[in-house]
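Asks: Sequence:
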Amino acid sequence: MVRKAVIPVAGLGTRLLPLTKALPKEMLPILDKPVLQHTIEELVASGIDDIIIVTSARKALIQQHFAPDEDLDMRLRADGKDDLAEALEELASLARITFLYQHGPYGNGTPVLNAARIVGDEPFMVLWADDVFTSAVPRAQQLVAAYERTRAPVLGLMPMEPSESQRYGVPVVEDDLGAGLLRISGIIEKPSPDAAPSAFASIGGYVVTPGIVAELERQLNRHRHNPDGEVYLSHAIHEHAREYPVFGQVIDGTWWDTGNPLGYLRAQFAAALAHPEYGPELRKLAGGSQ
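With full-length UniProt numbering applied, the sequence shown covers 1 to 290.
The hints are simulated quantities; they were obtained by calculation from the structure and are not laboratory data. For clarity, every value in this text was computed on a predicted model and none was experimentally measured. The C-beta atom is built at its ideal place from N, Cα and C for all residues, glycine as well. One or more hints might be untrue.
[Claimed, not checked] If you anchor each label on the Cβ, the simulated ranges turn out as follows: (1) 266 - 217: 30 to 40 Å; (2) 277 - 253: 15 to 25 Å; (3) 217 - 285: 50 to 60 Å; (4) 75 - 270: 27 to 37 Å; (5) 104 - 78: 41 to 51 Å; (6) 161 - 78: 52 to 62 Å; (7) 141 - 72: 29 to 39 Å.
Assemble the whole structure, with the sequences as input and the hints as a guide.
Replies: Listed below in structure tokens is the structure:
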């Protein structure tokens with residue numbers, strides 16, 4: 001069973017500077033919730049509420065957001081704002097969250113490896129906190145279903161335009177098993193359009209198995225002999241797929257990459273327009289400005 005999830009948040013958020021100089025990009029709001037809270041709610045809705053957040057000393061605001069605050073609770077109740085107090089209580093008890101400080105060489109495989117030593121010998125979910133999905137079935141639940149079908153590593157995929165291939169890791173697809181499940185034999189990082197092995201992009205969201213963790217450990221050992229080396233999750237999946245089954249699940253839904261300015265604005269507008277109260281008013285405003 002996939003019972004645990006890892007969310008790395010120690011990145012610098014350089015694509016959104018200067019906004020993210022002091023404010024973690026994971027705390028940027030989508031309506032009344034930060035991006036990270038949307039990710040955690042997605043996991044909880046998918047049956048995963050044991051979550052490890054791999055962070056850095058620069059991002060204390062994240063821990064503060066999810067921590068209980070008795071003083072604030074008492075003030076809200078004294079002011080008759082019981083609904084807000086109860087909402088904050090629900091937030092503090094949303095999931096079992098463990099915070100872990102990142103340590104190790106550069107690369108997004110490092111936080112995964114840090115957390116794997118706590119998770120132990122079992123599969124776990126990895127989600128990036130700047131990805132937001134809207135879908136009838138949560139993206140994490142779709143990935144779990146794919147793992148339960150295959151009992152092998154799974155990565156989330158989305159269709160892409162060939163011209164976009166240089167922005168993503170592109171899977172080498174060997175077989176289409178139906179219902180969006182693809183067997184893959186590797187990932188090519190940011191290939192040119194004429195060299196892209198498929199029309200799918202790896203867009204974040206993984207079920208990681210002990211075999212992938214073992215490959216990350218091998219990368220780390222190579223780093224010790226080559227200080228300029230880096231540890232990447234996609235590299236570990238690529239190497240593992242050379243010898244063992246690995247699968248991709250095409251996600252049924254809409255993906256918003258909030259880690260860049262345009263993606264963040266798109267996610268914000270989409271959420272506002274879908275809101276039952278705000279959406280109609282914003283459409284009126286847009287109509288009046290034309």
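Asks: Between residue 266 and residue 217, does the beta-carbon spacing fit 30 to 40 Å?
Replies: Since residue 266 and residue 217 have Cβ atoms about 38 Å apart, the given range 30 to 40 Å holds.
Asks: So does residue 161 sit 52 to 62 Å from residue 78, Cβ to Cβ?
Replies: Once the Cβ atoms are compared, 55 Å apart, the range 52 to 62 Å for residue 78 and residue 161 holds.
Asks: That 50 to 60 Å hint for residue 217 and residue 285 (C-beta), does it hold up?
Replies: 54 Å, holds
Asks: Between residue 104 and residue 78, does the beta-carbon spacing fit 41 to 51 Å?
Replies: This hint holds: roughly 46 Å between Cβ atoms.
Asks: Measuring from beta carbon to beta carbon, are residue 277 and residue 253 in 15 to 25 Å?
Replies: 23 Å, holds
Asks: Just tell me: holds or violated, for the beta carbon distance of residue 75 and residue 270 against 27 to 37 Å?
Replies: 34 Å, holds
Asks: Between residue 141 and residue 72, does the beta-carbon spacing fit 29 to 39 Å?
Replies: 33 Å, holds
Consistency with the previously given hints is maintained throughout, with no hint failing.
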